[in-house]
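Novice: Sequence:
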Amino acid sequence: MVAGEASGDLLASLLLQGARQRWPQLQARGIGGAHMEAEGFVAQWPSEALAVHGYSLEVLRRVAGIWQIRNELRQQLLAHKPDLFVGVDAPDFNLGLEEDLRAAGVRTVHFVCPSIWAWRPERVHKIRRAADHVLCIFPFEPDLLARHGIPSTYVGHPLANTLPLEPDQAGARRTLGLPEVGEVLALLPGSRGSEIQYLAPRFLDAARLLQKQRPGLQCVLPAVPAQYQRVRQLVREAGMEGQVQVVKGQSHAVLAACDVTLIASGTATLEAALFKRPMVISYAMHPVSAVLMRRKQLQPWVGLPNILCRDFVVPELLQDQATPRALAAAVNDWFDQPARIAAVRARFTELHHVLQRDTARLATDAIAQVLSR
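In terms of the numbering used here, the sequence shown is residues 1 to 373.
Careful: at least some of the hints might be erroneous.
Ranges of calculated distance between the beta carbons of each label pair, as one might list FRET restraints [what the hints assert, rightly or not]:
#, residue 1, residue 2, range
1, Arg-373, Gly-65, 29 to 37 Å
2, Gln-25, Lys-248, 33 to 41 Å
3, Arg-62, Pro-225, 48 to 56 Å
4, Arg-361, Asp-336, 42 to 50 Å
5, Glu-241, Gly-65, 28 to 36 Å
6, Pro-151, Leu-78, 41 to 49 Å
7, Gln-25, Arg-361, 13 to 21 Å
8, Trp-117, Tyr-228, 31 to 39 Å
Treat the hints as calculated values from the structure; they're not laboratory data. A virtual CB, placed ideally from N, CA and C, is assigned to each residue, including glycine.
Just need the whole structure built from these sequences, with the hints factored in.
Specialist: Structure below.
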């Protein structure tokens, strides 16, 4: 298995739980993180090693090391072929590797359909060459893949089974040492180094503005362990120490505890929707990367909740629009409109039911069929 970044590590761990129930003697190794290791996975490299995003110099500095990792892993897997290779997201890394392994007779499954419905539609041809089967987490994806002759199964989103329909906000606040009464804002600037660089200072400046406008507002920022010290330093540099509580990990507790979240576009936005939390989605990157990404975009939305609802149910402030003042104003709009919050929570509850499936059984059933061919 290869899972890139924190979100892939979590998804892969949930798949491993189901696989171990079906195949108790399962041995799994490759690239993964702490969640996967808790399920007995042997991580030869950490998931964070693949955590890059965008174009230009910010990625080129890392790309040589990433390709070296992929070449070493490819050589290992071709020398000692596994019964199955599962690539979890990270399509730029995994699809090429899957293509080589499949050509050598190794069965391959790709977990999480690449977002060909959002950008880079030409990637569908590579998916067809790379994957024996695709496990889809969104209900509209199998029909799209079938048009291109790619076998797939909708397995639901694992998080929809893991996260409760009704979050325990009071319990989460007690866990984090927050007052049970009062407004709480969650700041989630992402887990990648580039996201921290471009988003965290804007989020902290927005939080400063909001705390002036809303006395008593509590701000909490969960940081992945690899970025914890860097985030703490950014909070100190922003003069927000004591005003923003930084916690190591615990992003789910933070989302359960908050009233509103200011959040980076990505998987975390879907987690926030499953927690029924109103949000302001933001993203910023190197200007060259932003231009190239915008040219490839196929839909008017970038946030997963908006894509799945086919509507701007939550605001998106991207790149130059993501000023601290604009971010603070969008967050304020949520706090000031309780009826709007109730409406979006109802919408997210409907979405939760759509994504809730017996993911472990459906995924292992599909994998068993691949193995039996």
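Novice: Confirm or reject each hint.
Specialist: Hints, verified against the model:
1. Arg-373 - Gly-65: 29 to 37 Å: With Cβ atoms ~36 Å apart, the hint holds.
2. Gln-25 - Lys-248: 33 to 41 Å: With a Cβ separation near 34 Å, Gln-25 and Lys-248 satisfy 33 to 41 Å, so the hint holds.
3. Arg-62 - Pro-225: 48 to 56 Å: 19 Å, violated
4. Arg-361 - Asp-336: 42 to 50 Å: Holds: the Cβ-Cβ distance is about 44 Å, inside 42 to 50 Å.
5. Glu-241 - Gly-65: 28 to 36 Å: Given about 34 Å between the Cβ atoms, the range holds.
6. Pro-151 - Leu-78: 41 to 49 Å: 24 Å, violated
7. Gln-25 - Arg-361: 13 to 21 Å: 19 Å, holds
8. Trp-117 - Tyr-228: 31 to 39 Å: Since the Cβ atoms of Trp-117 and Tyr-228 sit about 35 Å apart, the hinted range of 31 to 39 Å holds.
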